[in-house]
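Trainee: Letter by letter, the chains look like this.
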Amino acid sequence: MKNGSSVEVRLPSELGFEKIAMSTAAGMAALMGFSEDRIEDLKTAVAEACINAIEHGNKFDDQLDVGVVLSSNDDELEIKVIDDGGGFRSTPATPNIDRKMSGEEEPRGMGMFLIQSLVDEAEWHNGPPGKSFVRLVIRLDKENS
Amino acid sequence: MQSATKVVRRDATAASGDSVAILAFSGDIASTSKDTVLQAYHGVGEVKKVLLDFSGVDYINSSGIAIIIQMLIEERTAGHRTIGIFGLTPHFKKVFTMVGVAKYATISPDEAAALAEM
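Protein chains in written order, with the numbering used here: chain Z, 1 to 145; chain L, 1 to 118.
Just so you know, the hints here were simulated from the structure itself, not pulled from any lab data. There's no promise every hint is true.
Below are the EDC-like pairs computed for lysine to aspartate or glutamate, each with C-alpha atoms no more than 16 Å apart in a straight line [as the list claims (entries may be wrong)]:
#1 K34(L) / E106(Z)
#2 K93(L) / D62(Z)
#3 K94(L) / E36(Z)
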């Protein structure tokens, strides 16, 4: 695959369509030579980013799409997931299972933590409608670390 | 767009001799699975040990994991059952461990190992 190759997918704001982005990301990562376990990490991170965009960014609005842009650069794959929300105002919290079990924390709320944990870089950018995005990066050299 | 969650219940005996209800899931485990998963769990009856079999599951996301945590919370409150998990892919075993599920439910590689643990 040529360096600088880019693929764009637009998803309806409906849960389940994140699997289209997962498959696309997995296919692109496989072409770049990522290992199976890194591809699984990426699939989960991309799925969670798309779910956040569908649910919190676009609030399930069927008039809005979620944009997913995948770009290969040297030995890294960058994925931007773009929605029409205002972005996230806080950094991802680490879920605390003890607090969840005691009812002090909601059982949900693990998506951003998983994204951050499973890729090499995760950044949330706030912006006007259509400009808020999360940027994920995985690097090939991570396989040997 | 999400695949329906299916649950099949079967019964087994643990190494300890106790009866075990195995709930074998297939399809997706996501937010839309909540009623199916929790109704199956609430319907297991009087058994004290329950195993959740994920070997037929195609897709799990954080909302699906939250349903499993909800089940563990209910059990902790009721305090009368042990829950074990098997059949996760290595990736999802890692994910379940990362979010802390492994602290409250034993995760085994397969059914034989899970029954031996119980």
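Trainee: Name the hints, by number, that the structure is in violation of.
Mentor: 2
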